[in-house]
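A.B. asks: Listed below, chain by chain, are the residues.
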Amino acid sequence: MSEPMPMPMSMRLPAQPGEVIDREERFSFSWNGRSYPAYSGDTIASALAANGVRIFSRSFKYHRPRGLLTASHLDPGCTIQVGEEPNVRGAHRLASPGLDVRSQNTWPSLRYDVKSVNRLAGRFLSAGFYYKTFIKPRRLWPAYEKVLQRFVHGGVIPDRPEEHDAEARFYDKRYAHPDVLVAGGGPAGMAAACAAAEAGARVLLVEEEHRPGGHLRWGDAADLTLLAELRERVSAAGVEVMCDAVVLGRYDDNWVAVVERSPAGPAFERLVKARAETLVVAAGQIERPYVFAGNDLPGVMLSTAVRRLVNLYAVRPGERAVVLTANGSGDAAAADLSRVGVDVAAVVDARHGEDVVRADGRGGVRWVELGDGRRVDCDLLVTATGWTATTALLNMAGNRPVYRPEAARFVPDLDTLPDTVVATGGVVGDGTREALCEHGTAVGEEAARRAAGAAEQSGEVPSRAWPGVKGAEGARAPSAPHPKRPDAEGLTPEPHPELIHGRTHGFVDLCEDVTSKDLLSAVEEGYDSAELAKRYTTATMGPTQGKLEILNVVGILAEATGRTIQEVGTTTWRPPYAPVTLGALAGRRLEPVRHSPMQRWHEEHGAVPLVAGAWIRPDHYGDPGAEAANVRENVGIIDVTPIGKLDLQGPDVAKLLNLLYVNKWSKLEVGRVRYGVMCAEDGVVLDDGVTGRLGEDHYLMSTTSSGAAAVWEWVELWLQTEHPDWRVHVTPVTTAYASINVAGPKSRELMERVTTGVDLSPDAFPYMRVRRGSIAGVDDCVIWRIGFTGELSYEIHVPSAYGLHVWASLLAHGEDLGVAPFGIEAQRILRLEKGHLIVGQDTDGITQGYSADLDWAIKLDKPDFVGRPELAWQRQRGDHPRLVGLLPLDADTVPPEGCQLVEGAEIVGRITSSRRSPTLGRAICLGQVAAHLAEPGTEVTVRLPDGRLTGARVAEQLASVDPEGARLRV
Amino acid sequence: MGSSRSRFSAYSLVRQGVSGRPWPRMWRRHELESSYDAVVVGGGLHGLATAYYLAAEQGWSRIAVLERSYLGGGGSGRNTAIIRSNYLTPDGVRFYDHSLRLYADLSAALNFNVMFSQRGHLTLAHTDASLRTMRWRAEVNKIEGVDSEVIGPDRVKELAPSLDTSDRVRYPILGALYHPPGGIVRHDAAVWGYARAADAHGVHLHQETEVVGIETSGGRVTGVRTNRGLISTPVVANCTAGWATTIADMVDLPMPIQTFPLQAAVTEPVRPFLHTVVVSGSLHVYVSQTDRGELVFGASVDPFASYSTRGSLEFVEGLATHVLELMPSLDRLRLLRQWAGLCDMTPDFAPIIGRTPVEGFFVDVGWGTYGFKAGPAAGQALAECIAGRKVPALIEAFALERFETGKLVGEKGAAAVGH
Amino acid sequence: MLLLECPWCGGRNASEFAYAGEPMPRPDPESAGPAEWRGYLYLRANRCGWTRERWYHRAGCRRFFEIERNTQTHELRPVGGGAGGPDE
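First to last, the sequence lines map onto chains A, B and C.
Going by the working numbering, the letters in the first sequence line up with residues 1 to 970, in that order.
Going by the working numbering, the letters in the second sequence line up with residues 1 to 419, in that order.
Going by the working numbering, the letters in the third sequence line up with residues 1 to 88, in that order.
Watch out, some of these pointers could steer you wrong.
Think about it this way: if two alpha-carbon atoms lie no more than 25 Å apart in a straight line, the pair counts; the simulated BS3-like pairs of lysine-lysine are [said to hold, decoys possible]: (1) A/K667 - A/K862; (2) B/K157 - A/K146; (3) A/K862 - A/K664; (4) B/K407 - B/K390; (5) B/K142 - B/K390; (6) A/K859 - B/K407.
These are calculated hints, taken from the structure and not from any lab test.
Given only the sequences and the hints, what does the whole structure look like? Please build it.
C.D. replies: This is the structure:
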């Protein structure tokens, strides 16, 4: 099954005036395993075409051979796999030495694709056929589905994340702040960019192709002369030009996304995010295919494709051509072909009612039937049947295009655009190259003027002086309407025959293999609005997203439904304008990590990390059970830096605490700390922590680690919106301090060895007190005597730069006391033994205060606090679930957290926390249980994950170790 | 339903292909009549399902569905088509499980292939807190008879080899909630299937018909004003999404709902490689690969309330970041299109369905991001509610009164659990 | 990306702010019944069009402020024409 080897570069023409290839630089690359020569500047497709390759892909549904149609990024027939990269636009991507290029989704080979039998079955595979079959029996659908999936029309992504080298695939982002951003570097866009820059504006010009110039690039000598002038002006004016870059979308307030597909530097692609004062849309026009039988055969090309191949790449598109033309581009293509020696067998002038009926041939065009019945042998059929204005960016800015039948295209309704968006060039209308430049210049000047006006209004300093801008010195009155749109005059759409389809049916959407017949049947079946028909047939859903085929789709739907094209309407263009890699959108992979100043020590000492939100902290150092036991027996230290800390100062702090906490704060004396719980206005438990009074008007509040940011905002919300008169100053100090909890019966002894300036004796510094002093020589440490673990313990907050020093000092001074670090897991064991709840674990999104065993803390006799009414009603109802201690009857079975309590088939609660207690040598739990089960001594049934049922008894209280708190108070 | 002439099957497909005759219309166009027994506002999945079940199961006739735009043009055509029933609360699990079962039989019931691909559904856990919530969900699911289990990273890797299950990533995968019956449906097909079946039962489908007012008298609904004229009717069902409060405002009924856009995006097709639905709550992303090879992505609702469906760049940037965190080898896959739909968010992430204080005004709203999964069960239950005297047990927990009595549904429980 | 005008900092990307929703006056907790209180908790106008809402400049000055925003077009304007900023 060998494929005939084409003659190397057999279709390459002699040097062309505007060619972009460098014949000095020749190299080879691989196409389906075979080596092909190319010149620098060639696209993959132009290089292959120069070597006589005509078939680049197989179509989606029918696996028909496809060749070049547009010879541009939009080409639906030239999507290929390049190395590990799928769906590469072969008619846009430049060839380079050694590339491994393959056709996609063909088996066994591009020329002999077995799935092309679908062509025979085509009449049964009408649009949406899959909705109508494979319905019964249900059990066979998965098998059918696998068959459907075989037809997936795409490349292959490497599915080996383990081998993925993030460094090798580098993507970047950049912010830009242009005064004027010009989307499209054709003559009008270049002229607009120059004019704006010459007026003093910072200008960014974005061009999708590899060089700016638009259609001038494949034009005649005068076009090339103008192109050279414009390029020189652009460069002299200091315009920043991005080529091989495309504007993906215009979002709110002129937030414009651009992707650079081949940026300078190491990045594979770069996303540029620009806040443009003025956006100039100069996106031009896209040539439309024509619908007729055989319109997808290799050898059927648009006039612009032919002009590109001949003039840019010096490639002969065929040997014998028929040209269907309705405009100057078709005439010029015919002239180009004649000039380079292609036999132009017939020029069919659609302006005079001439037409092409069908093209036919195996593997490519062999002959064409004309409207007058003639049959002409040829291998190239060129069509030039009209244009689509590239209005996508304008639509994203709120514009709804209107259909102009005399010009056979939708044009933007410029009056509906915001002042910050203007348009020029082909997207607005047609004109000579001079008219385009003139319009671009006027629009560019106005764009600069508007940008300057906006900058003045917002009080910004303009990026430069604005000497060249007429009228810029008189600042525009704020929000005064602009008298006239600069883009509305000068370019009008030229008359053009409305050519959508010929006498025969053909492909409307070549990406999706949708024919005009499919659209007609969709309408007949009732999918008679444009959106329904598109969704049903999948027309415009493929990689070109309708950019090529939208008017053909709309025209055919209009005919089928008896409406006008305007009534059917064009599509809603959504971003991105062009497909963009996930890599570019993601950019550098920057996921922030927070850790304490002691993290390096933890890592060096075998800490197993725990991901807790943004924080990474030690889960344990190898044996959490032993770590917990050491706290009960000797002394342990734990890094609790992530605990949220707010420094509160001012005379009204007590009022604030009284408002936000459910318990009372007005009588907290200086030097004391208190545990507090916050509820939201719906009574749901929000956060908890201890707050200490450091001075008359000075408090330090602690919050849960995960709640730190939210509580700060919560405090600010109440202060700023409900009580702006209260004098409280809030400073977040979570990371200003490193926090260490020193816990265990020997903690006082250890603390005494490192602390100066604080009397640590039980009488001088009892439980629930705060002192300030110096630890290991570090001044300004805050010491809380509290006990989350249930042991005598001191929580110390030291200026974070000294965290590691204090940590190391504690370890050094306590060696003989058996001091050892403990991690989160040991802390969880200890706090569970002590029955201290964790907000968010023992409570959930609807747990109100009285369901969290907080009856003792909630003070309904306070006149007001956040959530009070709901809590009062909750207590009144009394039917709420309650948090209780649960002791499994089988002391050796620890029911996993999340296990449900059941009564028959009914769920009556759940285990919220569970561990094996090293102190008691048995399983212990906390759980939320229905009200009627909350009495101590009640036996409940726990359903284990494997379905077994086991019993548990409701304990007297949450704490199962030292419920009286004797160990805390020593 | 319908005449045998219009039944779809492989045989009919071949016969039609040979004869070249056109297929019969999916649904007909009708003149707007001056009165109906029931008017359903919203021609999306919920409205069409309600009308279908009202006609097919409750035996009502003279039903109209009013759609402002085209059928399925709202949330029904903008969602990511994921079906699952592994919710947190027993009420939620029962409801969505019923819906899932209806989906499983829907192709046959409607004689239209909705392409329900029960490929399994993975909710990844990146923290021990989310692993704990997964366990909670799995246990509730099992008690309610729903196939759901917590699995470890090795099993996750087997099910979805493209996931990076190594520990070198920022948020390592610690496990997942695996829900084999979950999957994806072709969302448009579900809409069209219900529309066709409703039409076959005599329901009038009126597209491009906008409700501009609702007439009431003495606390009961009497009619609906539309851009095409007045309809008198004793029953109006508000089956809209995004616009639930706009319609409810017409009868002065305040609703605890805020409208947020929910964005989604789709990539170019690539050869099939992802055979389950993958969700990461911590990374706010869900991914599935369609039978066409495209990857469909969704995330959480936008950060602020809005009726705009324009979409944002921040959304796709965040999405891509999170997808690549999960599947780093997708970096050169290209995003093809992004879009947004409107979601009606309630305070407890549970819907509002059933009767209202305005007699004859029924609601099937507030589905948040779960509307598509709920369509069949919601339509069936609302139809029963409209036709019967009793509120079906399936939707009792989702009544509007709960926001006055304070008995909120705990579905938010999982979402609100901290890190 | 919405460009929000912070009364203290000027125009900044919306990603710097947290949306805090429509502000609701807090009923008197002493006298409010369940219906009134739950209206305060749960009911919002949710208007399609101009709406008054609260934002928090999280990555900036950390001030809450109110602004009017059109929920369909995302146009912005100061509350009642005043800046609501430092001058008030």
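A.B. asks: All hints, please: hold or fail.
C.D. replies: Here's how the hints hold up against the structure:
1. Of the pairs offered as hints, the one joining A/K667 and A/K862 holds, with about 13 Å between alpha carbons and a cut-off of 25 Å not exceeded.
2. Straight-line distance between C-alpha atoms of B/K157 and A/K146 comes to about 21 Å, which keeps the hinted pair within the 25 Å bound.
3. For a cut-off of 25 Å, the pair hint linking A/K862 to A/K664 stands: about 8 Å separates their Cα positions.
4. Distance restraint check for B/K407 and B/K390: the Cα-Cα separation of roughly 20 Å lies within the 25 Å cut-off, and the hinted pair is therefore satisfied.
5. The hinted pair formed by B/K142 and B/K390 fails the criterion: a straight-line CA distance of about 29 Å is larger than 25 Å.
6. Only pairs whose Cα atoms come within 25 Å are accepted, and A/K859 paired with B/K407 is accepted, the gap being roughly 23 Å.
Of the numbered hints stated above, the single one contradicted by the structure is hint 5.
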